[in-house]
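Colleague: Residue numbers (full-length UniProt numbering), protein chains in the order written: chain U, 1 to 277; chain P, 1 to 224; chain Y, 1 to 236.
A hint or two may mislead.
[As the list claims (entries may be wrong)] Chain U side only, calculated, beta carbon under 7 Å to chain P, not exhaustive: (1) Pro41; (2) His59; (3) Gln60; (4) Asp185; (5) Thr209; (6) Val226; (7) Leu228; (8) Pro256; (9) Leu259.
Since the hints were made in silico from the structure, they are not lab data.
These numbers come from a predicted model, not from an experiment.
Heads up, the beta-carbon is just placed ideally off N, CA and C, and yes, glycines get one too.
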Amino acid sequence: MTLAVPAPARPGTAALPTAGLRATARITARADGVGGATRLPVLDGDGPLALRRVRGYGHQARVCVVGAMSAPLGGDRLAIEAVAEEGAALHITAAAATVALPGRNAGHATYDVRLTVADGARLEWLPEPLISAAGSDLRMTTTVELAPTARLVLREEQVLGRTGEPTGALRSRLTVRRAGRTLLDQETAYGPGAPGWDTAAVLDGHRATGQLLVVEPERYAEPVGVRLLGEAADGAGQGVLAPLAGPAALVTAVAPDALRLRHLLDEAARSHLQIGL
Amino acid sequence: MSRAALLVLADGRFPAGGHAHSGGAEPAVAAGHIKDAVTLERFCRGRLHTAGLVAAGLAAAAAAGHDPLLLDDAADARTPVPALRTTARKLGRQMMRAARATWPGPDLDALAAARPRGAHQPVVLGVAARSAGLEPLDAAYAVAYENISGPATAAVRLLSLDPFDATAVLARLAADLDRVAQQGADAAARVALEGTDALPAASAPLLDITAEAHAAWPVRLFAS
Amino acid sequence: MHLDHQDTFPERHTYSAADPVRADGRRRALRIGLGGPVGTGKTATVAALCRALRDELSIAVVTNDIYTREDAEFLLREAVLPAERIAAVETGACPHTAIRDDISANLEAVEDLEAAFSAEGVGPLDLVLVESGGDNLTATFSKGLVDAQIFVIDVAGGDDIPRKGGPGVTTADLLVINKTDLAPYVGVDLEGMARDARAQRGELPVAFTALKAENGVKPVADWVRHQLAHWTADAA
Numbered sequence: 001m002t003l004a005v006p007a008p009a010r011p012g013t014a015a016l017p018t019a020g021l022r023a024t025a026r027i028t029a030r031a032d033g034v035g036g037a038t039r040l041p042v043l044d045g046d047g048p049l050a051l052r053r054v055r056g057y058g059h060q061a062r063v064c065v066v067g068a069m070s071a072p073l074g075g076d077r078l079a080i081e082a083v084a085e086e087g088a089a090l091h092i093t094a095a096a097a098t099v100a101l102p103g104r105n106a107g108h109a110t111y112d113v114r115l116t117v118a119d120g121a122r123l124e125w126l127p128e129p130l131i132s133a134a135g136s137d138l139r140m141t142t143t144v145e146l147a148p149t150a151r152l153v154l155r156e157e158q159v160l161g162r163t164g165e166p167t168g169a170l171r172s173r174l175t176v177r178r179a180g181r182t183l184l185d186q187e188t189a190y191g192p193g194a195p196g197w198d199t200a201a202v203l204d205g206h207r208a209t210g211q212l213l214v215v216e217p218e219r220y221a222e223p224v225g226v227r228l229l230g231e232a233a234d235g236a237g238q239g240v241l242a243p244l245a246g247p248a249a250l251v252t253a254v255a256p257d258a259l260r261l262r263h264l265l266d267e268a269a270r271s272h273l274q275i276g277l
Numbered sequence: 001m002s003r004a005a006l007l008v009l010a011d012g013r014f015p016a017g018g019h020a021h022s023g024g025a026e027p028a029v030a031a032g033h034i035k036d037a038v039t040l041e042r043f044c045r046g047r048l049h050t051a052g053l054v055a056a057g058l059a060a061a062a063a064a065g066h067d068p069l070l071l072d073d074a075a076d077a078r079t080p081v082p083a084l085r086t087t088a089r090k091l092g093r094q095m096m097r098a099a100r101a102t103w104p105g106p107d108l109d110a111l112a113a114a115r116p117r118g119a120h121q122p123v124v125l126g127v128a129a130r131s132a133g134l135e136p137l138d139a140a141y142a143v144a145y146e147n148i149s150g151p152a153t154a155a156v157r158l159l160s161l162d163p164f165d166a167t168a169v170l171a172r173l174a175a176d177l178d179r180v181a182q183q184g185a186d187a188a189a190r191v192a193l194e195g196t197d198a199l200p201a202a203s204a205p206l207l208d209i210t211a212e213a214h215a216a217w218p219v220r221l222f223a224s
Numbered sequence: 001m002h003l004d005h006q007d008t009f010p011e012r013h014t015y016s017a018a019d020p021v022r023a024d025g026r027r028r029a030l031r032i033g034l035g036g037p038v039g040t041g042k043t044a045t046v047a048a049l050c051r052a053l054r055d056e057l058s059i060a061v062v063t064n065d066i067y068t069r070e071d072a073e074f075l076l077r078e079a080v081l082p083a084e085r086i087a088a089v090e091t092g093a094c095p096h097t098a099i100r101d102d103i104s105a106n107l108e109a110v111e112d113l114e115a116a117f118s119a120e121g122v123g124p125l126d127l128v129l130v131e132s133g134g135d136n137l138t139a140t141f142s143k144g145l146v147d148a149q150i151f152v153i154d155v156a157g158g159d160d161i162p163r164k165g166g167p168g169v170t171t172a173d174l175l176v177i178n179k180t181d182l183a184p185y186v187g188v189d190l191e192g193m194a195r196d197a198r199a200q201r202g203e204l205p206v207a208f209t210a211l212k213a214e215n216g217v218k219p220v221a222d223w224v225r226h227q228l229a230h231w232t233a234d235a236a
């Protein structure tokens with residue numbers, strides 16, 4: 001075993017860890033009076049996280065995250081903060097997949113998503129997949145704070161490596177708090193440095209994995225029935241729809257690739273959860 | 001305290017119901033994912049670093065004296081399918097019965113009264129370890145070891161695997177076990193400052209999916 | 001809100017059958033175990049006992065299948081008891097472990113049945129039968145799980161089984177030698193079996209049964225009634 005001897009800090013010269021960029025995009029959705037249309041008083045893109053308002057349906061406001069440059073690269077510190085205030089309806093999508101790439105500088109990138117949903121508000125967070133390119137190292141967090149009557153639809157998809165390449169290192173933690181209590185806390189760790197990830201207990205050769213979470217306090221006061229998705233045998237991937245220990249339904253799926261993963265999640269949404277994504 | 005209590009707690013013959021559970025090995029054997037010692041070792045390594053790590057953190061935190069009801073909630077948040085929550089509570093209730101007979105104490109009584117249908121098994125095991133005078137790291141070791149010895153024993157029964165090979169698998173995972181137990185104990189040491197968010201939350205999608213599939217089998221040898 | 005454990009059940013303080021008192025202070029149901037080798041008629045005996053006793057007693061059954069639920073489903077199919085009176089315990093391919101070395105899952109199944117019937121106001125259970133999965137001659141029930149046990153063998157297994165002994169044959173509170181109607185066909189000497197059993201068991205009783213016959217389970221049912229009378233008398 002070799003132990004790396006940490007270099008002594010040189011005050012004033014090497015304090016900045018990397019030359020990566022820092023960017024935080026912010027969105028705030030506000031209902032115009034009771035039952036009124038949702039406005040976006042805050043819609044601030046930053047760096048590679050450009051935001052576009054797109055046409056919404058009914059009272060809902062829709063925002064699309066447009067990647068303005070390649071990111072996150074090693075060393076980058078990216079964040080998105082979205083707030084749906086009381087009674088607001090906000091739907092967020094992305095124009096394209098996010099690709100984690102290795103940077104010129106060693107060191108990992110971070111990408112932190114913070115979502116806050118107030119009472120009576122509904123947030124749909126439906127980005128495109130996160131692709132972990134070979135050699136990349138990304139640590140992602142998604143932290144959701146829900147008020148007691150808040151509603152949420154959240155999709156998260158991870159693709160391990162672009163076509164034909166090995167995956168980078170990808171750690172991702174999803175924490176959902178509701179009414180002061182943690183409803184869901186899940187950390188995934190795939191790729192170099194994550195022991196046991198590519199085994200029959202975790203992914204077993206699948207290169208795409210994802211979750212679809214629906215929190216609906218009234219609808220899921222009674223737990224949703226468990227459903228198995230896909231068939232292990234025919235290479236379509238597999239998944240399960242199950243109730244959490246709270247008023248929420250979670251779909252967990254693994255698949256050979258992003259396309260078949262999306263198919264599983266869409267199928268569960270349409271056939272079993274009766275929601276369109 | 002007596003360190004030897006750890007041997008009693010971690011003994012496969014400790015009568016806490018574990019013998020009827022395969023830890024996901026039964027569906028993995030049926031799917032052809034576990035078929036010999038090599039594939040058993042891969043499965044166990046994956047399980048150890050995910051479900052085992054989460055259990056190690058919870059057990060260590062309970063052994064350190066943190067509120068077992070908060071830890072039980074943290075366990076729920078880290079267990080996204082009902083089949084595994086039900087199994088964890090069933091085994092927790094059975095562990096509680098055995099623990100109260102072996103190391104009776106007010107902490108165990110209080111948890112039994114608060115969760116009559118069972119708290120998550122690693123939490124109960126941690127409180128039992130505390131009642132036995134053991135350290136958080138001891139509890140992490142006991143629960144992490146059980147996390148892989150269960151599937152290994154099940155594979156011996158399901159595949160007629162050579163028991164020497166299965167035991168050698170466990171021996172080869174010793175370094176991983178050290179690491180996971182230490183990670184669990186280190187995380188538990190941060191709970192006082194950071195709350196239960198400090199505890200590992202490692203997920204294993206296939207363990208979750210196949211646990212629900214297995215629970216729906218009409219005929220099976222193991223309860224989970 | 002917490003959806004997984006909304007039910008509130010009374011906390012139980014017992015560790016095992018060693019404590020015969022319910023949480024409410026009343027004497028709990030008598031627990032009788034039925035063990036024995038595969039195919040000797042354990043499930044058929046349980047079914048026949050239920051039919052013979054269900055009109056006079058409140059009965060529940062816990063099964064321990066090799067392959068889970070087969071025996072429980074047999075009992076359901078035969079409609080000897082309503083579904084809520086039958087519970088199945090999985091044994092992880094080790095049925096003797098579940099009744100002897102680690103009885104926790106069986107104890108829970110028994111206690112859950114008792115709690116359900118105490119809570120529903122339909123009257124508490126009088127008798128719980130715990131049926132072991134088919135196993136070998138060494139499998140016996142822990143005293144922590146049952147108050148008395150029946151070991152079931154049959155004549156087709158060979159007339160030398162009582163002579164060979166083993167913990168089940170030697171120590172069971174009742175030895176049932178089943179399928180006596182087959183004795184002429186398999187060349188078995190029933191009197192020799194009775195003699196051998198007496199040599200192994202001393203004063204412990206032996207019942208010869210042919211369950212296919214009208215009221216063939218009567219000797220076993222009578223023995224159960226006798227046990228229950230003692231159990232109830234002890235409480236007074």
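Colleague: Check the structure against each numbered hint from earlier and tell me which ones fail, lowest number first.
Modeller: Of the numbered hints, 1, 2, 3, 8, 9 do not hold.
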